[in-house]
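> Chains as they are written, first to last, in this note's numbering: chain A, 48 to 158; chain B, 22 to 135.
In case anyone wonders, no lab produced these hints; they're calculated from the structure. Check each hint, because a few of them may be wrong.
[Stated by the list, open to error] 30 angstroms max Cα-Cα, derived DSS-like pairs, lysine-lysine: (1) A:Lys117 x B:Lys78; (2) A:Lys114 x B:Lys78; (3) B:Lys92 x B:Lys78; (4) A:Lys83 x B:Lys78; (5) A:Lys115 x A:Lys83; (6) A:Lys83 x B:Lys32; (7) A:Lys117 x A:Lys103; (8) A:Lys117 x A:Lys83.
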Amino acid sequence: GEDVEQSLFLSVREGDSSVINCTYTDSSSTYLYWYKQEPGAGLQLLTYIFSNMDMKQDQRLTVLLNKKDKHLSLRIADTQTGDSAIYFCAASETSYDKVIFGPGTSLSVIP
Amino acid sequence: DTGVSQNPRHKITKRGQNVTFRCDPISEHNRLYWYRQTLGQGPEFLTYFQNEAQLEKSRLLSDRFSAERPKGSFSTLEIQRTEQGDSAMYLCASSPSGGRDGYTFGSGTRLTVV
């Protein structure tokens, strides 16, 4: 089955860019997601990318996909203290299939 | 629509007791998913429904766990004979058919087994 891996911690200074990396194992994963979880809150979908895309940009967020290496990254430009949260990479084979989550990357933004 | 609603928010129970959680999905969403999240981990898939049909169950879902969605609307997750290892956040999510926009998650039910 699918396995999703992420680095567990990232610390950046306010105003810098953050890059969170993720790898997945199942080449049949077609939908790749980034979710955000703030303390005490549920998971919020940030963005997603289809496997036939290399890049997707959405305001301060840029997702890059290297399908050959099964590597996904999330870049947050001009990181703010409000971006401090846990970011989960996730993958599924279809838009309605179960989604497999990584362990999450805890992003700390230093003022 | 107020999103995905889960009740209760918190549940403390003694080991060996049975507990039941409820999830009310977004009304037009016909797919409903249950996940479990422990501290420092990502959500782990438990089971999902399309309408009232339970389409897949994870091996994590032992025979002490049962989920239902009797009329294709709300769902319940029951844990019988709770164990301390069942302590976790239980998350419910819903999506429409062909929901390429990912799930909408509820805030979860935190279970503590003492």
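> Now tell me if each hint is right for this structure.
Comparing the hints with the structure gives:
1. Taking the CA atoms of Lys117 (chain A) and Lys78 (chain B), the gap is near 26 angstroms; set against the 30 angstroms cutoff, the hint holds.
2. Proximity of Lys114 (chain A) to Lys78 (chain B) is assessed by CA-CA distance (about 28 angstroms); at most 30 angstroms being required, the pair is judged to hold.
3. Between Lys92 (chain B) and Lys78 (chain B) the CA atoms are separated by roughly 19 angstroms; this keeps the pair inside 30 angstroms, and the hint holds.
4. For the given pair, Lys83 (chain A) sits about 25 angstroms from Lys78 (chain B) by alpha-carbon distance, which is consistent with the 30 angstroms threshold.
5. Using a Cα cut-off of 30 angstroms, the hinted pair Lys115 (chain A) and Lys83 (chain A) holds, with the two alpha carbons roughly 26 angstroms apart.
6. Using a Cα cut-off of 30 angstroms, the hinted pair Lys83 (chain A) and Lys32 (chain B) holds, with the two alpha carbons roughly 24 angstroms apart.
7. A C-alpha spacing of about 16 angstroms is found between Lys117 (chain A) and Lys103 (chain A), which places the hinted pair at or below 30 angstroms, so the restraint holds.
8. Restraint check for Lys117 (chain A) and Lys83 (chain A): satisfied, since their Cα atoms lie roughly 21 angstroms apart, inside the 30 angstroms limit.
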